[in-house]
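Keeping the supplied structure of chain A fixed, place chain B upon it in accordance with the hints.
Protein sequences, first through last, are from chains A and B. The first sequence begins at 8 in my numbering and counts up one residue at a time. The second sequence begins at 8 in my numbering and counts up one residue at a time.
Calculated directly from the structure, the hints in this document are not laboratory data. Among these hints, one or two may not hold up.
Where chains are identical, the list cannot tell them apart; a pair therefore holds if satisfied intra-copy or between any two copies.
Distance condition first, Cα-Cα at most 16 angstroms in a straight line; then the derived EDC-like pairs of lysine to aspartate or glutamate [unchecked claim]:
id, residue 1, residue 2
1, Lys479, Asp449
2, Lys511, Glu393
3, Lys224, Asp236
4, Lys224, Asp554
5, Lys475, Glu452
6, Lys62, Glu326
7, Lys224, Asp552
8, Lys9, Glu183
9, Lys217, Glu555
10, Lys418, Glu35
11, Lys220, Asp49
12, Lys437, Glu328
13, Lys220, Glu555
14, Lys9, Glu482
15, Lys112, Asp36
16, Lys220, Asp554
17, Lys297, Glu519
18, Lys220, Asp552
19, Lys475, Glu519
20, Lys224, Glu555
21, Lys94, Asp300
22, Lys476, Glu452
23, Lys475, Glu453
Protein chains: 2
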Amino acid sequence: MKSDIQIAQEAYIEPIQSIAGSLGLDVEDWEPYGHYKAKLSDHLLDKLADRPTGKVVLVTAITPTPAGEGKSTVTVGLGQAMNQLDKKTVIALREPSLGPTMGIKGGAAGGGYSQVLPMEDINLHFTGDIHAITTANNALSAFIDNHIHQGNPLHIDPRRVGWKRVVDLNDRALREVVVGLGGPVKGVPREDGFNISVASEIMAILCLAKDMKDLKKRLSSIVFGYTYDQQPVTVHDLGMEGALTLLLKDALKPNLVQTIENTPAIIHGGPFANIAHGCNSVMATNIAAKLGDYVITEAGFGADLGAEKFLDIKTRAGEFEPDAVVIVATIRALKMHGGVEKDNLEEENVEALQLGVDNLQKHMETIASFGLPYVIALNRFPSDSEQEIKAVTSWCENQGASIALTEVFAKGGQGGLDLARKVVNTVNTKPKHFHHMYKLEDSIEEKISAIATKVYGASGVSFSAQAKKQIKQYEALGWGNLPICMAKTQYSLSDDPTLLGRPKDFTITIREITPSIGAGFLVALTGDVMTMPGLPKQPAALKMDVDEQGNAVGLF
Amino acid sequence: MKSDIQIAQEAYIEPIQSIAGSLGLDVEDWEPYGHYKAKLSDHLLDKLADRPTGKVVLVTAITPTPAGEGKSTVTVGLGQAMNQLDKKTVIALREPSLGPTMGIKGGAAGGGYSQVLPMEDINLHFTGDIHAITTANNALSAFIDNHIHQGNPLHIDPRRVGWKRVVDLNDRALREVVVGLGGPVKGVPREDGFNISVASEIMAILCLAKDMKDLKKRLSSIVFGYTYDQQPVTVHDLGMEGALTLLLKDALKPNLVQTIENTPAIIHGGPFANIAHGCNSVMATNIAAKLGDYVITEAGFGADLGAEKFLDIKTRAGEFEPDAVVIVATIRALKMHGGVEKDNLEEENVEALQLGVDNLQKHMETIASFGLPYVIALNRFPSDSEQEIKAVTSWCENQGASIALTEVFAKGGQGGLDLARKVVNTVNTKPKHFHHMYKLEDSIEEKISAIATKVYGASGVSFSAQAKKQIKQYEALGWGNLPICMAKTQYSLSDDPTLLGRPKDFTITIREITPSIGAGFLVALTGDVMTMPGLPKQPAALKMDVDEQGNAVGLF
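Excised from the complex, chain A in its bound form:
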């Protein structure tokens, strides 16, 4: 079997002007970044306003396990399959973060014959969007510390600066730091910490902004800390919204690339789904919906995380409704949810599978409870036995659920034709009654409880003393009507990463709630979820290199 990077490097890639041309874009609508990437104009949505809006299909998944699900691969493969059926389809994806790429993943651009190209660029610096976000985030930090150092006219309390610096790397040693050491010419000492860039509020803002004006407005209202008398201080108070907008003006433009079958893909914005809202940008999805009759887009991790935030946060900011959902499952992962150890996944185990489908069932119920029709994509792996496939398929059919076996990794779009047909059928014939999981007018506790009980299946929510105090404070400050962005482990429906399957009789503990006023949500932190990952003992980057011809090696 060829590696992803081999397949990618052997693929026929169209010049990006051909892809832009196939979408009917004019010369002024895009700018090239190399021969195979382009940035789309941020004015494109205005220009296309009168076009009909395509159907939006969200791809989500069961709770991820180390066995792998292939959600991005299915998203890409489904997009390719739709085009094989002559359904004009555009894919919308997130940009990968360098942290996981260099740490464990080695890359995140689909896999096998369902990849986006050029995978090397997409997995490395791409068009620089995340670097621009890192820079804007850290420029704000520098300006905050400079303000304090230069006499502090805004009376910012150095103990209450919630704004952290960022790097787009996995770097545990930066989780907690002290800055400003070394005496009077080296700033004012205070505790600080670094998040990974994709967890930055600026990433969320970029992804939720409708246009440049909205971007600036959101940046302006970032609350980065509090004064000595505990009043919030904003970017606008610091006078820095113009500079931050300038630093982000090109990053706001969505990136156009293509898949290995030359299906157009817009890749833009990349927040993690455990510690952030987990969806590509609103601009990318909305532009894709104007350029295609169908948009295939994904949200990170399981339906409890990415999909919930897609449906409760992104659809509100982007003012759109999805039309159908695809839930990706694999037999390997379902077996792990049914109790099988990772080393025994190659063995047929129908019994474990029948236990593990509990996890799938919960996510199906969740999507149904949002009022959305769905199709299950069973993403085939070579070790899956016929008995196992039959077990899952029959179970789904007994539930009245539509299921399609996909082989998009090995076969590209050809391996997703059944899924594509079922998606088209679902979008066009199944009833849709989309609604959010909570109302914005609900109290903060009610909103968190709705997510915990209805989406995670918890029996209740326990708020720490700190969280309770913060809720009161935020309500007093007028932030009570914002949606909630949960920060929770991706490995369990609960906040305990060791509880696989469909945990029952558990409570969710809210440790802390932090305001992302620019992004327009409150982040509720559960368990000990960290906003800066660490590197493993043998990071993936140790296998990376450049060969004699200048080609990337070791990305996968």
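Just chain B now, kept in the frame of chain A:
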């Protein structure tokens, strides 16, 4: 008078393929980054090896003052003037760092009618080279800390990690930090600090590498710290040279842009000249010399800093010789060197001017002592009086020196025709006996003394106890034959920034010497020069914005 950004935005800019075409480049030699920027192939030098090599003209300056000299403006203007004289000329410049742009400068791409375009892009993220350097630098830091955290098989002494993290911002609060706080899951605590990215050894490596192979070799030999038994530890020991090369593979490709008069300019690499070696990349200069009959390139700050490092470090790494030097001076700056306060610079003061030329004279002697012919460019400002201009001109003529009045800011290339003619004449008729200021075989003390006494005019050098110890250590480690990169204030020929003009009877104090084994030099730190600038009370960024049409505002 129009602002720089107004002039830039009103200029006629050619599509970058026209500029590439005018240089005889084929389609495979470059990639577009937007419509007006391109990256040149890193294989271009091999391809052009048989072409004749153009003449290299280095632009340097007197000791800078707050009055401004306009070295980049003269460099751009001279390149434009050369092309007006039908001399096929390519300009090679450094990329600006965001730190000073957002801090004080507001931009660094020439000025008036002698600018490089698109100035907004060049002053912001450009093609992402500096972001790639920042990322590679900080990835190494993360891998060092991860190695220590994961059991530390290389026995790295956390107290002896010399490798610092970087941001491309002015951020004094990051000068001294403690990382790894917060307990066992948050790494091993140690003292650390951040430099500005353009002072990173990786920036120096990128600028001195001849090709991808050389880049990897240099990255591999970076010494980032020492073991508990004080043996040096390298990037190769960590197995990380492949990943770092991969992160830098596109940054290694020089960037092609154009001036306001559509003269080709290659802008690549941007180390500061006070704390780093201050020159654009070897690849940019060498490619420019294959594409043009003349290359006009600059080195940062006064001839004591950028030019000395250009002549002693860059020419060795790039294996080339310059053919002539331009020394930029202004009447305003010479008056400051003669004792006039900044507020009184508008007043005619021939007497102060006659004192101030001492500074110019020292730099003329320095260039002559490298065996190079030179021309003085007197960069005209509106406040200069005829008497003052005459005084400087006569003084130069009495010295037998060639001087040209330039008005390239106000008039573009047309204002630099006299300078261009004198440069062409100098290159083609004046004798050249280029040699370095010291031999590599000289001892470390001898090399530093040669620079201090012959280039700065010091009476001697005083080495701190720490520096003496380091010299012994480095000689024992086999690093005694490397060239020296001095870190010294740019505001004085001495290491005391308050001593203007031509200071006499001073000694240079070497506080510390740090090894940049990958870059291939030892950095000698004098005085209290800092490798991370701070922001002023009212940073330039507070005036930056994006207008309704999406254009940059507040860059200058």
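* Can you give the numbers of the hints that this structure goes against, from lowest to highest? -> Structure breaks hints 2, 3, 8, 10, 14, 15, 17.
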